[in-house]
Amino acid sequence: MSKRNLSIRVPILARVEGEGAMDLDIRDGAIEKLQLRIYEPPRFFEKFLEGRAYHEIPDVVARICGICPVAYQVSAVNAIESAFNMDPGPWVKAMRRLIYLGEWIESHALHIHLLALPDFFGYQSGIAMAKDHPAEVRRGLKLQNLGNEIMRCIGARSVHPVSIKVGGLHKAPDDAKLARLLRALEEALPEALEMCDWLASIPLPDDQQTFNCTALKAANYAVEDGILVSSTGLNLKPEQYDQHFTEFHQPQSTALWSHMDGEAYLVGPLARMNLTAQTMPAISQPVMHKFAHRFPSNNMFDSMLARGIEIVFAMQEAISILQGYSRPQHSFIESTPQESQGQGWSEAPRGLLWHHYELDRQGIVRKARLVPPTSQNQARIEQDLHRSLLNFGLDNSDDDIRLHCEKVIRNYDPCISCATHFLKLNTVRR
Amino acid sequence: MYGSETGFLARESLPELFSLLHVQGFDIVAPQIQDGSILYQVITGAEQLPSGWQDQQQPGSYRLTQTESPLNFSWANGPQALKPWLFAPREVIWRAEKQPDGRLQFCEPDAPDRKLAVLGVRSCDLAALKLQDAHFLNNRYHDPYYAARRKGLLIIAVNCSHPADTCFCVSTGDGPHAEQGFDLCLTELENGFLISSGSETGNDLYEKLPLTKATEKQLHNQLQQKLSASKQQRALPQIPVKQLLSERRDHPRWDDIAERCLACGNCTQVCPTCFCHKEGDLASLDASTSEHLREWDSCFSEGHGYMAGHQARPEIKDRYQQWMIHKLSSWHDQYGRSGCTGCGRCTTWCPAAIDFVEEVNLICGDES
Amino acid sequence: MTRAAPKPQCDSHPYLPMEAEVVEFTAESPSIFTLRLKLTDEQQNQLYSFQPGQFNMLYLHGVGEVAISIVSDPQDERLIDHTIRAVGRVTKGLQQLKPGDRLGLRGPYGRGWPMQECKGQDVIIVTGGLGCAPVVAVINYILMRRKKFGKLTIIQGVKHSDDLIWRERYDYWNTLPDTQVLIAADHGGAVWPFHHGRVTDLFSKSIVDPANAFAMLCGPEGLMQAASTGLIDLGLQPERVYLSMERNMQCAVGHCGHCQYGKDFICKDGPVFSYPEISDRLGVQGV
Amino acid sequence: MSDKPRIAVHKFSSCDGCQLAFLNMGEDLINLAEQVEIIHFAEAGPVAEDALVDIAFIEGSVVTAHDQQRIKQIRNNSQYLITIGACATSGGIQALKNLAADAADWPAQIYGQPQYIDSLDQSGAVSDYVKVDFELWGCPINSAQVVELVNSLLRGVSPIDHQDKVCLTCKQEQIVCTLITQGKPCLGPVTRNGCGALCPSFGRDCFGCYGPAENSNTIGLANRFAGLGLLPDEIQRRFKLVHASASENQRIIARDLTQDLAQDLAQESSDE
Ligand SMILES: Cc1cc2nc3c(=O)[nH]c(=O)nc-3n(C[C@H](O)[C@H](O)[C@H](O)COP(=O)(O)OP(=O)(O)OC[C@H]3O[C@@H](n4cnc5c(N)ncnc54)[C@H](O)[C@@H]3O)c2cc1C
Ligand code: SF4
Ligand code: SF4
Ligand code: SF4
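Residue numbers (the working numbering), protein chains in the order written: chain A, 170 to 599; chain B, 29 to 396; chain C, -7 to 279; chain D, -8 to 263.
Where hints are given, some of them may not hold.
Within a straight-line C-alpha distance of at most 27 angstroms, the following computed DSS-like cross-link-like pairs (lysine-lysine) qualify [stated by the list, open to error]:
hint : chain 1 : residue 1 : chain 2 : residue 2
1    : A       : 300       : D       : -5
2    : C       : 84        : C       : 140
3    : C       : 255       : B       : 158
4    : C       : 197       : B       : 126
5    : D       : 175       : B       : 345
No lab work stands behind these hints: they were computed from the structure.
The model shown is predicted, which means the values in this text are computed figures rather than measured ones.
The shape of chain A in the complex, shown without the other chains:
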């Protein structure tokens, strides 16, 4: 290996959500500095939540992130319902799962086609890629739109939907719209399967590494709730989260970082597939079986196929919820605020999202703490960048090194908007 010196600055990372940069310094053929620098300014959401009534929280937290608002809303209502000791029942849970599946489909399809794939085919953008691969990109946009359509049916719109409330939904969705949605999903399912075949055929860097995984687990693939499991053997309820996970502040970043028992860890589609694929009904079906052997995977680049498989799962799951749909008497149960505290979580498209609230007698928030997936993945991303770049070889051209690093980062589908909206409230105070 030559003793080269190199300095690469990527001031604006393209095709990621939010504002991040990457700095790489190589001195004497060794990596001196390599970091994903998150500079998007903090938005202080936890502060805004203080003083708001419990019923306002879903509308506030949604606005942390336009790409996964449902994840925020569901984690929040899970936490508050746990604080108020409420069980909104199976219908409500099914509806939340349904709108959440819509968000997975939308977010994953968007990431695959518009953010990640252009890297592998050598385009600047998904739009540019559409000129040469019109069928594939249009199919992707169609699936993305179907995800949006699920969200529109249940929540009126796909960005900051308006139907989720503590105790249930503001209103049961319209039967006729659900019937149309069901038909559309059934018709499009074969296209999602084709997409998976196509994704599986794309040659990926073989980049084996070892890392910790963390995900929620449930009898049927965890989405809107579950029990936390990890490759290190954890098995936790939301209220135990704090005992194992800690956040800290890195100077280059406006986001907080997180460690699990002092180590970096991965959350998100690959972590979910690695830990809980056997709970996914889709994976055991003949059409999908061919993908099963790829998981658990030590190649971070398999995240893309994991997303594709989750799209198929989400569509099948949505179809089965819709097939069993019946209109309930009431779309929510009344809540009785009480002085309390509660934790809740769910699997955002990018991974675990944990919320904690302290509420007073009227249900006004006294304190809020939220830990988003991208903060959790940050330490892992930097770890990966180092290992992956060494695997790749520091002798490659500047452009290739730069592109490879960006590929690695984008592979996590980091959502920087999310990452920076959080503050650690139990840090130093005068």
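Using the hints, position chains B, C and D with the ligands against chain A.
Showing chains B, C and D with the ligands alone in chain A's frame:
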């Protein structure tokens, strides 16, 4: 003459009316309970009619409750009834297509040809229909879309038995019982309906229905119902409102209204006689085709008084005056009567709870 | 007053425009332009006729429709002129049209100026603001048939001297026999050759005989109100004072309700009204 | 070089939701790319922050000193500058910070090394710093708004500024009023339409995410809320969410409602 006879249709026989209408190709629009209110929607059978529902209406407030009663129509009008079915809230009135050589082609959409039978139309809305006809049909220009829908319309009126506290049709001379303008008219009694016809089509249906002759007792009940429904709390003043309102533009009460009025336009949207609409274009991204739409507008909106660089009615007060003076004064000159048929919707559905009748009385009353 | 507006041609579907072609585009000033249009359908073209003071609805593809007065002469070859001020969305879009471009046109609509009634009479025309199109049609009409009318005074008022367009045209008209042009500016500037002040100051200078004159007014409502009373004070009969009114207009056929001016719909009862028809509302805030 | 209009989409402090109005357009995204040349749109791929463009869309509010410089630079580089969404147009939800007395201390309270945090005391609307040619309201905006806007710009005409109230949409769509039938504190009567009356169509009261409408009588509505039984604090919170900085909402937020209500009550009892 139609309507000289009155027959009785037992409640169990109401499905017969539905079958007759279906055979003649009508879709049936009837009241339905939705989201805490009574809306008119297409239904397929008499069993879908709500029963036992009653309404409580106050300025800015509407609540429904269900009772054990078998009655299907023991409530007063909800937010909208007939108007949206004829004067569509939003429709494409023509389309412009740009050819590759730059030429423009203007195409009209197919005229609606649906046959609709509306069940449950109240007398105030029949009066309003007459006014909308005068505006859209008997004007120098004919509205082709309104005309086509009007042609396919069959009206089954139901006499009001339970006016709301906000109703004042008696004082405008438009209710509570329907006198004309329907094909069939029903009066709901405990066990069924007294029916009379008001048109040839109505007569034809009347002949085919399994009716018994109305008894003295039933006719007496009908009269009693009319008398009790005529006792309404609210009334428009029986004074020359037409002149007084336009003369009293400086009355201090207008300022008081303007403090409360939200200029949201709800009153104009629920009013069965309001006809204002605006037009606009919805073009495709590649600029080839453009749909020319019209949609309901309101004299409370900015665009209504907008002129190049100038606003004719900038203040909420100006807009409220336009609404009320048009309705109760200008309308006389335009269409020979007031534009208000006493349905009370503008009062119930006002989010600011402004009481239309009370305000008229205050502005035109003698105490100022 | 029973001057009914004539029906337009495209009557079967009152909202559907006809296709028209831009034959000529003339820039009158940076914001004022004249579009000379021709209906592309020969038959429609033959049938089209109008009176001074009537207007068309012009449609810009994908953008919208606006009411614009017709300024050409009714007897002219089948070309229809519109002088337009680019103020907003549609009119600024129309300003970008070039000869050969197509647009939509429906009309003519409304009740025009009382041209029959004022044959053989003196006429005084008062306009305010930037080039008031509706009266240009009248001026052209009278000048084309000069012998059929008596004396003509044209009074134009502007806020600022820079606002005056068609200066040469005014100068030219002023040289014609029995024709007088008077111009006033609120703010004239040092080299302004005309009157400093209000148009109403100029009435006494007019050559017309108030007892036998018709007045035609167009401009801001305040100006028209002041001018009406001024002219009546001068001795004109109120029913011979005519005003062209303006309100927002969407459909032009009396359906959309936007152009209501008290009891009247400006599109079909106007835009031209005699003073007694509207004196109860003139200048009243909010009407 | 093509003569298509050159566009840029810039991000400031935001949730990225308004950019999704582009990315969620589906087929229209590809159609749009045929009509315009996308020069800078980091989330979609192209990065050329300092390029000259015809139209710059701005998402997000201005919250750092660096943001201030950046927005000025973008203004200089763009013929038209258009804000998309609440954050850019009125300061958005971040502007809740402007209302907190101790906001300047927040970074220190929160970050281990606050000296690395560049954050102004205020979350500003873009128009606080540079001239804005047109504003698209909404939190978030939707694709239909973008398509309509682009349509106007491609034709060289000014876009339509929709500013009627949500109520008009409700009635056109035959959505039942939540205020009248449920006594809910709906902001529809003072909120711009454009969303399609989504909240009332889902049985809940509008919370004003499209911002104040033209002629918004927020005081009249706040009084009505008091009549419906809301306490002063609840009334103020209604107006203090997505567009807290808008002047119409400030009329309610910046007022001592407890005082006002007490006066009103005194007034009422003396009237009797
Ligand atoms: C009878 C009549 C004749 C007219 N003749 C002329 C003329 O010859 N030349 C000329 O330059 N202008 C004329 N106008 C005014 C012209 O219609 C408006 O200036 C024009 O509509 C404003 O266009 P905009 O580009 O601002 O449209 P936008 O701002 O896009 O207006 C939107 C809508 O509002 C309506 N509208 C806006 N302003 C007015 C207004 N002042 N009057 C009526 N409707 C309006 C338009 O019809 C359009 O449908 C006339 C108006 C009327 C009523
Ligand atoms: S003005 Fe009011 S009461 Fe009269 S018809 Fe209209 S909505 Fe009904
Ligand atoms: S629900 Fe809200 S927006 Fe709809 S009509 Fe009522 S007040 Fe207006
Ligand atoms: S109803 Fe109001 S809060 Fe709901 S989406 Fe529309 S503008 Fe936003």
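Now the hints, each set against the structure:
With a C-alpha separation of about 17 angstroms, the suggested pair residue 300/A and residue -5/D falls inside the 27 angstroms cut-off, and the hint holds. Between residue 84/C and residue 140/C, the direct Cα distance comes to roughly 38 angstroms. Violation of the 27 angstroms bound is thereby established for this hinted pair. Between residue 255/C and residue 158/B the alpha-carbon distance is near 19 angstroms, which keeps this suggested pair within the 27 angstroms criterion. This hinted pair does not check out: residue 197/C and residue 126/B have alpha carbons roughly 54 angstroms apart, beyond 27 angstroms.
This hinted pair checks out: residue 175/D and residue 345/B have alpha carbons roughly 26 angstroms apart, not beyond 27 angstroms.
When held up to the earlier numbered hints, the structure conflicts with 2, 4 and fits the remainder.
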